[in-house]
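> Counting from 1, position 130 in the sequence shown corresponds to residue 477 in our numbering; the numbering is continuous, with no gaps.
Simulated from the structure, these hints should not be mistaken for lab results. Hints are not guaranteed to be accurate.
[As the list claims (entries may be wrong)] Derived DEER-like restraints, expressed as beta-carbon distance ranges:
1. 352 - 437: 42 to 50 Å
2. 352 - 491: 36 to 44 Å
3. 351 - 436: 36 to 44 Å
4. 355 - 375: 26 to 34 Å
5. 349 - 466: 34 to 42 Å
6. 485 - 427: 12 to 20 Å
7. 419 - 464: 32 to 40 Å
Cβ coordinates follow ideal geometry from the N, Cα and C atoms, glycine included.
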Amino acid sequence: MTEWDIALRLAVATAIGMVLGLNRDLHGKPTGMRTLGLVGLGAAIAVIAVIDPALPGGHPDAVSRVVQGVLTGIGFLGAGVIVRGTGEAQVRGLTTAACTWVTASLGVVCAVAAWSVIATALPLLFFVLLLGGPIEKGLHARFGGRITAEPPTEGRRPD
């Protein structure tokens, strides 16, 4: 792997994270361009460090262990943006947490240069982020569902 190849993989992982972060910024969410840019970059760095034969290391299981560690660790970072306010029935931050996890996954994919996966995943990701909310609201309105859960009344189990 050349230095230019490494730079390209890291740059694409960072750029993808920053674009996803911009979406979160525009929606006033707690993670933004810098955070998700760093998540993508960090995931790519961790994987490149074990797949580049010029770098020390080289255990046969190293890549799978690093990927597992990155995705597990990012799960904890994502959990930090999930909140439930006092007295609120609604949990907030799930989409942002999922976006953080997907950003790390895409950073891993950039590190292994699986560009066809990136080309397929990005349109799907933006479809969900940009159109998922309106589609979900429309379906709830059409079929009589509620957008948010209401707290159960005392002595009654939720449906």
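> Now tell me if each hint is right for this structure.
Structure-based check of all given hints:
1. 352 - 437: 42 to 50 Å: About 45 Å separates the Cβ atoms of residue 352 and residue 437, which means 42 to 50 Å holds.
2. 352 - 491: 36 to 44 Å: violated (53 Å)
3. 351 - 436: 36 to 44 Å: violated (52 Å)
4. 355 - 375: 26 to 34 Å: holds (32 Å)
5. 349 - 466: 34 to 42 Å: Given range 34 to 42 Å: violated, Cβ gap about 22 Å.
6. 485 - 427: 12 to 20 Å: The hinted range 12 to 20 Å is violated for residue 485 and residue 427, with Cβ atoms some 31 Å apart.
7. 419 - 464: 32 to 40 Å: violated (20 Å)
This entry does not satisfy hints 2, 3, 5, 6 and 7, going by the numbered hints stated previously.
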